[in-house]
Amino acid sequence: MKVPVIALILSLTALNAPAQTDIPKLSLQQVAPGIYVHQGVHELPDSHNRGEIANIGFIVGQRCVAVIDTGGSPEQGHALRSAIESITTTPICYVINTHVHPDHIYGNIAFKQPGVSFIGHHKLAEAMAMRAPFYQEKAERDLGFSLKIENFVPPDHSVRDTLVLELGARTLLLRAHKTSHTDNDLSIYDAQTKTLWLADLLFMGHLPVVDGSLNGWLATIEQLKTIDAKLAIPGHGPVSADWPGALEPEERYLKTLQSEIRAFIKDDKTMEDAMENVDLSVRDDWQLFDEFHKRNISTAFAELEWEDD
Amino acid sequence: MKQLIALNKGLWLALAYLLAVTGSAFAAGEEEAAWNGGLRQKFFGDRAIEEGNQIIELTAPYRAEDPALVPIQINSKIPQTKDRYIKTVTLIIDNNPVPFSANFHFTPESGKADLAMRVRVNAYTHIRAIAETNDGKLHMNKVFVKASGGCSAPIGTDLEAAMARMGKMKFKLDNEKAALQQPNLAQLLISHPNITGLQMDQLTRMIKPAHFVEELKVSFNDKPVLTAQTDIAISADPNFRFYFVPETAGELKAEIRDNKGNQFSATQTVTP
Numbered sequence: 001m002k003v004p005v006i007a008l009i010l011s012l013t014a015l016n017a018p019a020q021t022d023i024p025k026l027s028l029q030q031v032a033p034g035i036y037v038h039q040g041v042h043e044l045p046d047s048h049n050r051g052e053i054a055n056i057g058f059i060v061g062q063r064c065v066a067v068i069d070t071g072g073s074p075e076q077g078h079a080l081r082s083a084i085e086s087i088t089t090t091p092i093c094y095v096i097n098t099h100v101h102p103d104h105i106y107g108n109i110a111f112k113q114p115g116v117s118f119i120g121h122h123k124l125a126e127a128m129a130m131r132a133p134f135y136q137e138k139a140e141r142d143l144g145f146s147l148k149i150e151n152f153v154p155p156d157h158s159v160r161d162t163l164v165l166e167l168g169a170r171t172l173l174l175r176a177h178k179t180s181h182t183d184n185d186l187s188i189y190d191a192q193t194k195t196l197w198l199a200d201l202l203f204m205g206h207l208p209v210v211d212g213s214l215n216g217w218l219a220t221i222e223q224l225k226t227i228d229a230k231l232a233i234p235g236h237g238p239v240s241a242d243w244p245g246a247l248e249p250e251e252r253y254l255k256t257l258q259s260e261i262r263a264f265i266k267d268d269k270t271m272e273d274a275m276e277n278v279d280l281s282v283r284d285d286w287q288l289f290d291e292f293h294k295r296n297i298s299t300a301f302a303e304l305e306w307e308d309d
Numbered sequence: 001m002k003q004l005i006a007l008n009k010g011l012w013l014a015l016a017y018l019l020a021v022t023g024s025a026f027a028a029g030e031e032e033a034a035w036n037g038g039l040r041q042k043f044f045g046d047r048a049i050e051e052g053n054q055i056i057e058l059t060a061p062y063r064a065e066d067p068a069l070v071p072i073q074i075n076s077k078i079p080q081t082k083d084r085y086i087k088t089v090t091l092i093i094d095n096n097p098v099p100f101s102a103n104f105h106f107t108p109e110s111g112k113a114d115l116a117m118r119v120r121v122n123a124y125t126h127i128r129a130i131a132e133t134n135d136g137k138l139h140m141n142k143v144f145v146k147a148s149g150g151c152s153a154p155i156g157t158d159l160e161a162a163m164a165r166m167g168k169m170k171f172k173l174d175n176e177k178a179a180l181q182q183p184n185l186a187q188l189l190i191s192h193p194n195i196t197g198l199q200m201d202q203l204t205r206m207i208k209p210a211h212f213v214e215e216l217k218v219s220f221n222d223k224p225v226l227t228a229q230t231d232i233a234i235s236a237d238p239n240f241r242f243y244f245v246p247e248t249a250g251e252l253k254a255e256i257r258d259n260k261g262n263q264f265s266a267t268q269t270v271t272p
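Note that the protein sequences, when read in sequence, are chains A and C. Each residue of the first sequence is one higher than the one before, starting from 1 at the first, in the working numbering. Each residue of the second sequence is one higher than the one before, starting from 1 at the first, in the working numbering.
Each hint should be verified, as a subset may be incorrect.
To be verified - Restricting the straight-line Cα-Cα distance to at most 25 Å, the calculated cross-link-like pairs of lysine-lysine (DSS-like) are:
1) A:K148 - A:K112
2) C:K82 - C:K208
3) A:K178 - C:K208
4) C:K208 - A:K148
5) A:K269 - C:K217
6) C:K82 - A:K269
7) A:K266 - C:K172
8) C:K208 - A:K138
9) A:K194 - A:K148
10) C:K253 - C:K170
11) C:K170 - A:K269
12) C:K168 - C:K260
13) A:K178 - A:K255
14) C:K146 - A:K138
15) C:K168 - A:K266
16) C:K142 - A:K294
17) C:K142 - C:K42
18) C:K142 - C:K87
19) C:K146 - A:K294
20) A:K294 - A:K178
21) C:K137 - C:K42
22) C:K253 - C:K168
23) C:K172 - C:K253
24) A:K178 - A:K194
25) C:K168 - A:K178
26) A:K266 - C:K177
27) C:K177 - C:K223
28) A:K269 - C:K77
29) A:K269 - A:K255
30) C:K170 - A:K266
31) C:K253 - A:K269
32) A:K269 - C:K177
33) A:K112 - A:K25
34) C:K260 - A:K294
35) A:K225 - A:K255
36) C:K170 - C:K260
37) C:K208 - C:K260
38) C:K87 - C:K253
39) C:K172 - A:K269
40) A:K266 - C:K253
Calculated directly from the structure, the hints in this document are not laboratory data. Quick caveat, the model's predicted, so the values are computed rather than measured.
Here chain A stands alone, though its shape is the one from the complex:
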């Protein structure tokens, strides 16, 4: 499969944290003026990478900095914060959580202080509350650190439809999406540079993971395509200047899942059958395929067997 990806690197400077020994350094790229991204790795979260696998970063305006996702561990949150402080003296006003997954929110605590507003989808607070005990257990077991309930900082402002954030000579448009990757996905659009920060609504290289709704995600992709963007920032994988082309591999995978599972259901085949046989041909096109493909099938199967009701 040809993946038309142009990793756009306007400036590849590893910007290091100040010389504090206890805070690890975080590599960042300025992918557009004032937009900085740390690119994660395509790995399962574990005690070695401490769950620090997602793309995270921030956008700098004249008056305010908006952090977009805070990382997979409290330490990564602190590393991001110290990196921001080494790059700009502009204060951090907002922390935007694109969705509830641990690799995007476990750094939240590093930014919790007066003057910083947390922003998320209107279903994010509930998702955090419902998942916290499960996620705490998982962090302890798989990531090698324990999390207090305070680590899940719920949003101070929730987005039901859209929200405009003024950063000073820079306007961000936040969109709350219908159930897609999760039921609390938020995307961020920077009008000045036409950069669309999609987080996990866009997977590049890393197999897309369905933890919401397959049909919903495909509908969201249709809407996203109409956005006039020049640069797309995925939640996993390289930043891409190919828009809306960057969505193609993900869309193709999800559409194939949808059509093949529908055929299995129509033929009265079982979930077990589907998990063994659906669409294995694209295995080599994706990383972490074996880790997530079967799970995607079971999630999608359970959704699609009720789609006509």
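Based on these hints, arrange chain C on the given structure of chain A.
Chain C in isolation, oriented as in the chain A frame:
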């Protein structure tokens, strides 16, 4: 050179095998702890339980892809006849917060005491199917499954949609035309969030109360085919596959009741 590699490979395999064997021997005590430490006694007292796969066989994935949605199958090895049949199958998941998962009652008219469903698995655990034959004997088959968090896992992300659809049921028959006097495979899909009550909301200090299907009755022309008591280990939107034997054309009927007293039913016309 090639031979040397082959030999080496054989050696490694042997070593790996040895490790696996001794490893599982060490772990065996722990794996049986919940069962021997009270579950067995609680559900079956001092009755003898024969272990093996001569009467029923349980199939489950060794590693669960989604712990809240683990497909399992129970296959019977004897036909259901008037003289000899499986009366009850009890499903127990040792290390779940509620180990009792379900109890299925069959009759000779069930045709085959086969079952398939999806369950929640909360920890590395044995899943056990214990069949009681009509002579009162108990037969157990078990499978070890690696999964975690299935019961505390978040409720399916679209709880609103699930609640709106609650109580909808549909049958799917394996063949459009039923084969008379023979076991026919049927699938029953039940839309119900089956909330475990373990999905604690720590931010508001509230617990979503358990809300799950407790009883299921399937009949054909008013004769029972399958009756079950079910608990929170059954996945959201319960899905059961089972057999029934139509003597003539007729109506397959499912009735469910949840722990809040809600009752739902659905029927399916069966034609040869």
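Now the hints, each set against the structure:
1. For a cut-off of 25 Å, the pair hint linking A:K148 to A:K112 stands: about 14 Å separates their Cα positions.
2. A hinted pair counts as satisfied when its Cα atoms are at most 25 Å apart, and C:K82 with C:K208 does not qualify at roughly 45 Å.
3. Of the pairs offered as hints, the one joining A:K178 and C:K208 holds, with about 23 Å between alpha carbons and a cut-off of 25 Å not exceeded.
4. For the proposed pair C:K208 and A:K148, the alpha carbon gap of about 20 Å is at most 25 Å, so the pair holds.
5. At most 25 Å may separate the alpha-carbon atoms for a hinted pair to count; A:K269 and C:K217 meet this at roughly 24 Å.
6. Only pairs whose Cα atoms come within 25 Å are accepted, and C:K82 paired with A:K269 is rejected, the gap being roughly 31 Å.
7. In summary, the hint linking A:K266 to C:K172 is supported, as the alpha carbons are separated by about 10 Å, within the 25 Å threshold.
8. A C-alpha spacing of about 20 Å is found between C:K208 and A:K138, which places the hinted pair at or below 25 Å, so the restraint holds.
9. Pair hint A:K194 plus A:K148 does not hold up; C-alpha atoms about 38 Å apart against a cutoff of 25 Å.
10. With a C-alpha separation of about 10 Å, the suggested pair C:K253 and C:K170 falls inside the 25 Å cut-off, and the hint holds.
11. A hinted pair counts as satisfied when its Cα atoms are at most 25 Å apart, and C:K170 with A:K269 qualifies at roughly 15 Å.
12. Between C:K168 and C:K260 the CA atoms are separated by roughly 16 Å; this keeps the pair inside 25 Å, and the hint holds.
13. For the proposed pair A:K178 and A:K255, the alpha carbon gap of about 18 Å is at most 25 Å, so the pair holds.
14. Between C:K146 and A:K138 the alpha-carbon distance is near 14 Å, which keeps this suggested pair within the 25 Å criterion.
15. In summary, the hint linking C:K168 to A:K266 is supported, as the alpha carbons are separated by about 19 Å, within the 25 Å threshold.
16. At most 25 Å may separate the alpha-carbon atoms for a hinted pair to count; C:K142 and A:K294 meet this at roughly 24 Å.
17. Between C:K142 and C:K42 the CA atoms are separated by roughly 18 Å; this keeps the pair inside 25 Å, and the hint holds.
18. For the given pair, C:K142 sits about 18 Å from C:K87 by alpha-carbon distance, which is consistent with the 25 Å threshold.
19. Between C:K146 and A:K294, the direct Cα distance comes to roughly 15 Å. Compliance with the 25 Å bound is thereby established for this hinted pair.
20. For the suggested pair A:K294 and A:K178, the alpha carbons sit about 24 Å apart, so the restraint of at most 25 Å is met.
21. With a C-alpha separation of about 17 Å, the suggested pairing of C:K137 with C:K42 holds against the 25 Å cut-off.
22. Proposed proximity of C:K253 and C:K168 is supported: the alpha carbons are some 13 Å apart, at most 25 Å.
23. Proposed proximity of C:K172 and C:K253 is supported: the alpha carbons are some 12 Å apart, at most 25 Å.
24. Straight-line distance between C-alpha atoms of A:K178 and A:K194 comes to about 22 Å, which keeps the hinted pair within the 25 Å bound.
25. For the hint pairing C:K168 with A:K178, the CA-to-CA distance comes to about 24 Å; that is within 25 Å, so the pair holds.
26. For the hint linking A:K266 to C:K177, the alpha-carbon distance of about 16 Å falls within 25 Å, and the restraint holds.
27. Among the hinted pairs, C:K177 with C:K223 is consistent with the structure: their alpha-carbon atoms are about 20 Å apart, no more than 25 Å.
28. A C-alpha spacing of about 22 Å is found between A:K269 and C:K77, which places the hinted pair at or below 25 Å, so the restraint holds.
29. Taking the CA atoms of A:K269 and A:K255, the gap is about 19 Å. The hint holds against a cut of 25 Å.
30. Proximity of C:K170 to A:K266 is assessed by CA-CA distance (about 14 Å); at most 25 Å being required, the pair is judged to hold.
31. In summary, the hint linking C:K253 to A:K269 is supported, as the alpha carbons are separated by about 22 Å, within the 25 Å threshold.
32. For the hint pairing A:K269 with C:K177, the CA-to-CA distance comes to about 17 Å; that is within 25 Å, so the pair holds.
33. Among the hinted pairs, A:K112 with A:K25 is consistent with the structure: their alpha-carbon atoms are about 20 Å apart, no more than 25 Å.
34. For a cut-off of 25 Å, the pair hint linking C:K260 to A:K294 is broken: about 34 Å separates their Cα positions.
35. Distance check on the hinted pair: A:K225 and A:K255 sit about 15 Å apart at the alpha-carbon level, within 25 Å; holds.
36. Among the hinted pairs, C:K170 with C:K260 is consistent with the structure: their alpha-carbon atoms are about 21 Å apart, no more than 25 Å.
37. For the proposed pair C:K208 and C:K260, the alpha carbon gap of about 13 Å is at most 25 Å, so the pair holds.
38. About 20 Å separates the Cα atoms of C:K87 and C:K253, which keeps this hinted pair within 25 Å; it holds.
39. Restraint check for C:K172 and A:K269: the C-alpha separation of about 10 Å stays at or below 25 Å, so the hint holds.
40. Under the criterion of a C-alpha separation no larger than 25 Å, the hint pairing A:K266 with C:K253 is consistent with the structure, at around 22 Å.
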